[in-house]
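Peer 1: Quick one: dock chain against chain with the hints and give me the complex.
Just so you know, the protein sequences line up as chains E and A, in that order. Every letter in the first sequence is one number past the one before it in this note's numbering, and letter 285, counting from 1, is 285. Residues are numbered in this note's numbering as their position in the second sequence, beginning at 1, plus a constant of 1000.
Please keep in mind that the hints were generated in silico from the structure rather than gathered at the bench. Just so it is clear, CB atoms sit at the ideal spot from N, CA and C, and this is done for glycine as well. Just to be clear, a hint being listed does not mean it is correct.
[Claimed, not checked] Some but not every residue of chain A turned toward chain E, in silico, with C-beta under 10 Å:
1. 1033
2. 1102
3. 1103
4. 1116
5. 1130
6. 1158
7. 1274
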Amino acid sequence: MKTLAERLASKKPAWPVAVVRSLLPVLVGFGIAFLLQAVVVPAIGPFYGKLLMDCGITIVLAVSLNMVNGFAGQFSIGHAGFMAIGGYLAAALTFYLSYQYWGSAEVHGGFLGSGDMLFVAACLAGGLLAAGAGFLVGLPSLRLRGDYLAIVTLGFGEIVRVFLQNTDNVVRKPDKIAAALEEGGVVSLLDNLGGSLGFHGVPKYSTVFWVYVFVALVLITSYRLKSSHQGRALLAVRENEIAAEAIGVNTTRAKVSAFVLSAFFAGVGGALFAHQLGTTINPGELGFAKSIDIVIIVVLGGMGSISGAALAAVFLTILPEVLREFAEYRMIVYALLLIGVMILRPKGLFGI
Amino acid sequence: VTKLLQTLSDSIAVGSLYALIALGYTLVYGVLRFINFAHSDVFMTGAWVSFVAASGFGWASADAPFWAVFAVLIVAMVACGVLGFTIERLAYRPLRKAPRLNVLITAIGVSLFLQNVGQLQGVFGTQPMRMPSLVEDRTLMTLGGVDIKMVDVMVVVLAVVLVGLLQWLVYRTRLGRAMRAVSYDERSAALMGVNVDMVISVCFVIGSALAAAAGLLYALKYPGLNQPAHATWVLLGLKAFVAAVVGGIGNVRGALVGALLIAFIEQFGVQYLSPEYRDVYVFAVLIAVLLLRPSGLMGRVTVEKV
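The shape of chain A in the complex, shown without the other chains (with noise of 0.2 Å):
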């Protein structure tokens, strides 16, 4: 028993984190309709920047004051933030009326700059890095014979918060009214004065900055970074990628329900099936959700007219 609660409480912290980055996908798809393949980029530069910004502010040890996470938080979020406006304004506004296929190649083609950039010596340069903890190591109480620890705790709450924040942004507000109406149909939506380029600008800056806060969380919960060009950003993209599509690409909740299914199934395949075939569940069920029911879970049934 035991066990099957401490992976159901890892699961939960895993799947906090895959909805936190699936959300970036799901908003860009939700209004451009493409892939942004460079999200994983702008997680993994979230990380590094709130390890920069961390060690940067002699917080290297563990006497960080309570209020460290936050100030770092919100560097890293402010930095990705600017960093996703830029990558939009600069890489995707100019190809808005281009073939999908370019938008794509384009994503990549940041993707790899990103990367790349970051590799170089004097931004975060080539050597993994092990990020200082700002959260005590502490467990905060024992149920059932798991421990609850203090980061996954931090987790969870930020990451339940953010997502609140945003479904509130979204389904309440005259901004997420207008996103929901660029989504929709965009030349409507600026039909009726919707301003679509301020638009998408802000869901790139929100997905950016939710992947930021998500490479924060990541970093504390999993403290030996890796290198920017390391293939696990990817990979942790791709999951989060594949979370947001089985959930229904586009839909807020939908992104939610499918990174805790991910994470549960990822977690689960771990503990009771075999380590070494984990990304083969996560994948698995991706390609049996998208042959079952084509649009994810959540997403909308759309039927094409000639």
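If we strip away everything but chain E, and leave its shape as in the complex, we get (with noise of 0.2 Å):
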């Protein structure tokens, strides 16, 4: 008779096919990302090449707000304050570096190139940055519930929001720009990040590629995280924090965790928007506005449903453009649109 152990052991594939097997998602994904930038967007044009990024970026966002709100049950309004905290580093290092680097704010490198390069690590010193400020706000969760946490979350969007409407002016000047850096690096540079007026110039670095590169890692993050023992904790959180507790969850790990999980996506969403054509990072688009867009996106989607959030994220870029023609009843008609959708389907449009 052989102990459960012991047959659990025996089912357990060799670690070579292992590896593969986890690794195969993530692939399938960058390969769906490089079939979109290399067959869709050729195809479709300009326009709804921007419409298909926008649609990626908010799935990155909703995804990643579903982990805090969706799984653990914590409500947080204040996910536009990582974002804007992740974009606005990313966009300092990629603009600050590449004067460094290649003397000028420009696309350097071609596909997978060193501009791409300095691109991808910006975004993800963003999002580690954007982790950090999460296990700050993660820890008031401790003593705080619900509605408080809610608040306590509003309340850091809008410092982050001031504090960035208050930095200097970006230095332009590629001679400013190297002493500057030879003087204290980059972090000498951090202050001056545009003020409310926003970051203008950043390098135009975002693609479909890369944005849905980050949507395949976040939604097979999502999916791994909702299986695991950690995930199977946070939804104990969610559904009773004292019962959870009793069992043996480490509650407080649980919730910080979902935190800064969600935050490092929220951070990678922030950067990914910032290296975007046609936009401008600035503060006063990343408020509490900007939250609530998102809170709308997992809640419309059905909260803990990861395809549901990502289906009202696609939804909810799309609709503004269909509502267009409406031109200044648009917002009300979507306004209506949601109280409807709250009352008639109250567990979302994707919801079970």
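Peer 2: Dropping the structure here:
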């Protein structure tokens, strides 16, 4: 008679198989991203290409917020704050480092070239800084529940916005940038983020490929999290915090790690947003209203449903474009739709 | 010293405004346990209705009779009271049993709706407007070098009167007792024969009417009215909401204390530290208070039971 552990061990695949299996979805995701860039974008033209990119960025933001709001049941309405932190750090890094390495803020190098590498590194750095902020915001969740936590996240988002509005103008003279870099490195330039007018002239590195690479990563992370033991712990916290604690879930750890992970991807989403063609990253745009937009997506998608969040992200990105013909009435129609859905389909459009 | 006194008098005026708005948040939270995000837009509507009423009566210049303010006040309060009643009836009542997040999203929907209806050409339009001055721009007296303006006195007096009335209503009347009962335990209150739906409606009407009063007073103090969907309205609403939370949401006196505290910190921060970070002081106080006393300064401490 074998023990359970032994039987489980015998079912376990050899490690090379395991590695390939776990990498497979990531590779497939990257492949799809590449196909979208290489085949779909030339076919649909720049306007729809931009829309496709917007959809992807919104998916990253919504799916990441879903980790906190949907899985852990901790209501956060400061997601745009994390987005702003990640976006601004990444923008500053690519902008100023481009000057340092290549003397201008133009897009440098081709596909997967050195410029792209700098961009990806900046995205990850932005994500990490946002994750650090997520840790700080997650800590109060030890003491606060429900609405009160929501208010703290709101306060956090507003504070981030005000600080960004009070940064100095972007340094644009190459010699000044060089001098500042010489003197104190990139850190000394991090106060020059453009203030309330926003950070103009960030190199436009975001492409459909990179956006969907991160979409793939956030989706895979999210699905894996949901069926892992950490994810189950989060769901337990959502359903009943006291019961979860009683059966041995470290609720503190679960909640804070949900915040950290969610903030990381929000930061990456902000970085992608900042490097997009036709946008200027500016603090007013990344305020309370943006946070609310993302919350709306998650709720419409059905709390805790990953596919729901992703579909609702696409739906709500395209909807304003469709409603464009209503001109001044479009926000009214949008508001009425929102109220109607909440009354008629309380579980969200795509919820069960 | 003059600067200190000036800041002090400013804080009291601003604090009274915040208090009037905060009471709306607190009343609704008290009975329904949800954050009425549409409240800042009711406040905005109040300010704009006052503007429309004041210009409609032809008091665009300074020759307004002394009762003009009260006429406009009543128009604005009635209009917003009706608005509040309608919002509750159509948007929130169908969701009474739904998860709170849904109600919150609905509130955001209502907020967007009010903002954008306000922006329509036939309603308030998309242009910022200048509120006619219904109150004479006169300095009543000078105290230690500080000019006490007629407008400020008006703001404070009206606010004190309205808050006093509310205090009396909540703690001294049958209706007030019903409100407190619903806030304490909705189901038991219903079993004891309290008409819960009616009480909730009344709370919305009163809260909205107070917001309208605040809207008018705000428009008198700061005559440059921003267009309905402008971010300043939302920010003012948020600050009043912060005041309600800091004082202990669901508590009438707490809203008052919180509003004054927030106004003091904001005004003193602006005068003595730096004006750019005014919003930071407010939200930093919020976070600090919530961390130290999670249910606000005067809130009920609830112990969660299994």
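Peer 1: Would you mind marking each hint as holding or not holding in the structure?
Peer 2: Right, here's what the structure says about each hint:
Interface hint status for residue 1033 of chain A: upheld, as the beta-carbon distance to the closest one in chain E is roughly 8 Å, under 10 Å. Against a cut-off of 10 Å between C-beta atoms, the interface hint on residue 1102 of chain A holds, since the closest Cβ of chain E lies about 5 Å away. Against a cut-off of 10 Å between C-beta atoms, the interface hint on residue 1103 of chain A holds, since the closest Cβ of chain E lies about 8 Å away. The beta carbon of residue 1116 of chain A comes within 4 Å of a beta carbon in chain E, closer than 10 Å, and the hint placing it at the interface holds.
Interface restraint check for residue 1130 of chain A: the shortest CB-CB distance to chain E comes to about 23 Å, outside 10 Å, so the restraint is violated. For residue 1158 of chain A, the interface hint is violated, the least distance from its beta-carbon to any beta-carbon of chain E being 28 Å, above 10 Å. Given hint, residue 1274 of chain A at the interface with chain E, holds; its Cβ is 9 Å from that chain's nearest Cβ, closer than 10 Å.
Hints 5, 6 from the earlier list are contradicted by this structure; the remaining hints agree with it.
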